[in-house]
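Chemist: The residues making up each chain are set out below.
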Amino acid sequence: MDELELLKKDWQKQDSAYPKLSYEEIYKMILQKSSSIVKWIFIISLLEFVFWLLLAIGLKASGYNNEYGGLYSSPGFIVLSVLSYGILAYFFYRFYMNYKQINTTDNAKTLMENILRTRRTVKQYVGFNLAMLVVSVAYMLPFALSHDDQTQALIEKAQANGEIFKFYLGVIMGTLIILLITIGVLLFFYWLIYGLLLRSLNRNYRELKKLEV
Amino acid sequence: MDKELEHSFVELLEKHQNIVHKVCRLYTNNKDAHNDLFQEITIQLWKAYPKFRGDSKFSTWMYRVGLNTAITLYRKSKRSITTQEFESVSFKIKSEAYDDTEEQQLKLLYDAVHQLNDIEKALVFLYLEDKNYKEISDTLGISEVNARVKMNRVKKKLKTILNP
Numbered sequence: 639m640d641e642l643e644l645l646k647k648d649w650q651k652q653d654s655a656y657p658k659l660s661y662e663e664i665y666k667m668i669l670q671k672s673s674s675i676v677k678w679i680f681i682i683s684l685l686e687f688v689f690w691l692l693l694a695i696g697l698k699a700s701g702y703n704n705e706y707g708g709l710y711s712s713p714g715f716i717v718l719s720v721l722s723y724g725i726l727a728y729f730f731y732r733f734y735m736n737y738k739q740i741n742t743t744d745n746a747k748t749l750m751e752n753i754l755r756t757r758r759t760v761k762q763y764v765g766f767n768l769a770m771l772v773v774s775v776a777y778m779l780p781f782a783l784s785h786d787d788q789t790q791a792l793i794e795k796a797q798a799n800g801e802i803f804k805f806y807l808g809v810i811m812g813t814l815i816i817l818l819i820t821i822g823v824l825l826f827f828y829w830l831i832y833g834l835l836l837r838s839l840n841r842n843y844r845e846l847k848k849l850e851v
Numbered sequence: 031m032d033k034e035l036e037h038s039f040v041e042l043l044e045k046h047q048n049i050v051h052k053v054c055r056l057y058t059n060n061k062d063a064h065n066d067l068f069q070e071i072t073i074q075l076w077k078a079y080p081k082f083r084g085d086s087k088f089s090t091w092m093y094r095v096g097l098n099t100a101i102t103l104y105r106k107s108k109r110s111i112t113t114q115e116f117e118s119v120s121f122k123i124k125s126e127a128y129d130d131t132e133e134q135q136l137k138l139l140y141d142a143v144h145q146l147n148d149i150e151k152a153l154v155f156l157y158l159e160d161k162n163y164k165e166i167s168d169t170l171g172i173s174e175v176n177a178r179v180k181m182n183r184v185k186k187k188l189k190t191i192l193n194p
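Same order as they appear, the protein sequences are chains P and V. Residues 639 to 851 (the working numbering) are what the first sequence spells out, left to right. Residues 31 to 194 (the working numbering) are what the second sequence spells out, left to right.
It should be emphasised that the hints constitute simulated quantities derived from the structure, not laboratory data. No experiment lies behind these values; they were computed from the predicted model shown. Backbone N, C-alpha and C fix where the C-beta goes; we use that ideal spot for every residue, glycine too. Incorrect hints may appear among the rest.
[To be verified] Short, incomplete list of chain V residues facing chain P, as computed with Cβ under 8 Å: (1) 35; (2) 46; (3) 76; (4) 99; (5) 104; (6) 189; (7) 190.
[Said to hold, decoys possible] Label-pair distances were calculated between CB atoms; the ranges are: (8) 727(P) x 89(V): 42 to 50 Å; (9) 171(V) x 688(P): 31 to 39 Å; (10) 171(V) x 806(P): 53 to 61 Å.
[As the list claims (entries may be wrong)] Some, not all, of what chain V presents toward chain P, calculated at C-beta under 7 Å: (11) 38; (12) 169; (13) 175.
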């Protein structure tokens, strides 16, 4: 006999072998909180939005108290700020709409696609922020260099010693290294959290997709 | 949610709870993991219940939510990937009708099914529950042809596991 047929025969005989939970036991369960990955994705995604928002607000608040205050009223910076809040609103709207589409009564493949699409939106938002970080630093660096008295003194000293090229090279290299480390740390945490959370979902989705080839 | 809804849901689930137990049986290996998954499926069923319109059977609807939870939503705890103690302790059939050889063969078969991946387990589960390929393809979101092809591959894989 085919192995699965033998198993099926046995499987269908076993109804009495399972535990019987009482009405009260089941009722208690529906009062518990879910620990599904969808819930975690929602929480982590919200934290990501909040993180980038707080970072932007924090940077601005600290900026107003220092000597480069003028930077924040420059037209380029205002355009960047308006653009970044607009884009945050757009991404959040898309994230929320995608999240609302997640439905456990869809078929397995559609459910997985909807979850992955929700994640993709947040991933794009993080990618956008990393790009913005690079653009902002590139925009702010010359501004900071030309508006800070201490830096000006250093530039003059370097010019007097004929080391102006070395000075700028040092500043650019230093900034690049700090940026790379920051992005590297962020990506590492990203990989760690989502690698663990979505590993089995990605594996199962690939398995279903493989069937279509 | 109102009490009436809670009552009707718990009553229906109490009646059909074996479906959830069966999903848990295939996707977990010990009692704690079984209970964890049972609870998560129950919560997901409850969350989805207000949208259950009764245009499909409650049991059919349960298959879908139960499998989706096991395959996609459930975060496996470490204890679910330990031993196969549950299989032998809780559900070993003690029927007189089986001779030792058949019982041994069934034990090996259940062990082999546990070695399949999540999607293969879903196919086996629906097959064991006597679902046709149309229902299998609807539940997983693949075509009927692909469901058949995959099922044949799973059968071959089981043979390979049993006769390496």
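Chemist: So which hints don't hold here, by number, going up?
Modeler: Structure breaks hints 1, 2, 7, 11 and 13.
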